[in-house]
Structure formats: structure tokens, C-alpha cells
Amino acid sequence: MRSHLGTAGLVLLVFFGVQAWQTRNVPTGSLPDARFTLIQTDGQRRTTTLAEWRAQHPGQAVALHVWAEWCPICRTEEGTVTSLSKDHPVLSIAMQSGQPDAVARVLVRRQLPWATAVDPRGEIASALGFRAVPAFVVVDADGQLRTPTVGYTTELGMRVRLWWAQTF
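According to this note's numbering, the sequence shown holds residues 857 to 1024 in order.
Because the hints were derived from the structure by calculation, they are not lab data.
Every residue, glycine too, gets a C-beta built ideally from N, C-alpha and C.
Please note that the accuracy of each hint is not assured.
To be verified - Derived CB-CB ranges, DEER-like:
(1) T932 x G899: 17 to 27 Å
(2) D943 x N881: 27 to 37 Å
(3) P883 x G935: 23 to 33 Å
(4) S859 x A983: 43 to 53 Å
(5) D998 x R902: 40 to 50 Å
(6) L861 x A958: 48 to 58 Å
(7) S859 x K942: 37 to 47 Å
Generate the whole structure from the sequences, applying the supplied hints.
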């Protein structure tokens, strides 16, 4: 039994160490601002900023999900993000996935009902400190970045992070 506990402890240590290394560039503190084209859930487009989008959800923790059209792990998370977006404000950020027309076609083809920021050069993702996809971060009610992750995140993991940011 002791050897299994030791192995489990080592696995957890490695897991959290890898997450800490992958999110080392995520800034602490306030959500950085950036201007982008937003593809809304109804397909309409408009120019906005992260601060303006965040302000539409006062008093709530919100999620930012960074993904790419070409990322196979991101495709695995699509159902999770869709489910999460039914209960929580989620802004997806299409990193290096093309211009608004190309991203809109992907959203329609894959039936993704997400509000999506188009980030053709990866500038928003970079400002958030992410260099890989998929990535997920919660912005709490005070606009502070919390609990970033890189790589596949389960629906439970996303929901717990949002609950934690809303509660504590």
C-alpha cells in the first residue's frame, strides 16, 4: 500500500509540476486587454475588447478557452466547452486559426455555439501567457486571472475552477 501511495504522490507531483511550467508565463493580476473581432453565438460579428466583453458579465467569474482549428486535443474538448457555455459565460479564443471568415466557417461546420474572439496571429493568447493550446483560464468577478491550465481539461475541472473563482 505504501508503494502505491508513493507512486500516486509522485504522479501528482509531476502533473502539478508540468502544469506550473506550462502556465509560468500567464500573468498574475488583472486580465490584459486586447481588441479583436468577436463572432457572436448568432454569427454576427463586431469589434470589441476583452475588457468590454468581461464588463458584460458583472459579478460573475468567466472562462477564457484558447483553442485552434488545427488542434486535435481542442477538438476533443469541444463538447465540454459547449456544455460549459450553457451555464457560464465563456469566451473562446481561436488562436492562429485564420481570419474571421475562416473561423466562422469552422464554428458553423463543427456546430460550435461559442462566442469566439478571432486571434489570427496569437497575440491575445500571448498576452494571456499561453503558447500552446488548448488552454483555459478563469477571470474572477474582480477581473483577476485565476487557475490557468494548458492541455486537456475535463468538464469537471473547468466547472470546479469557475466555482472556486466565484466562491473564494
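Hints, one by one, checked against the model:
{"no.": "1", "hint": "T932 x G899: 17 to 27 Å", "result": "24 Å, holds"}
{"no.": "2", "hint": "D943 x N881: 27 to 37 Å", "result": "29 Å, holds"}
{"no.": "3", "hint": "P883 x G935: 23 to 33 Å", "result": "30 Å, holds"}
{"no.": "4", "hint": "S859 x A983: 43 to 53 Å", "result": "45 Å, holds"}
{"no.": "5", "hint": "D998 x R902: 40 to 50 Å", "result": "26 Å, violated"}
{"no.": "6", "hint": "L861 x A958: 48 to 58 Å", "result": "50 Å, holds"}
{"no.": "7", "hint": "S859 x K942: 37 to 47 Å", "result": "43 Å, holds"}
Violated hint: 5 only; the structure is consistent with all others.
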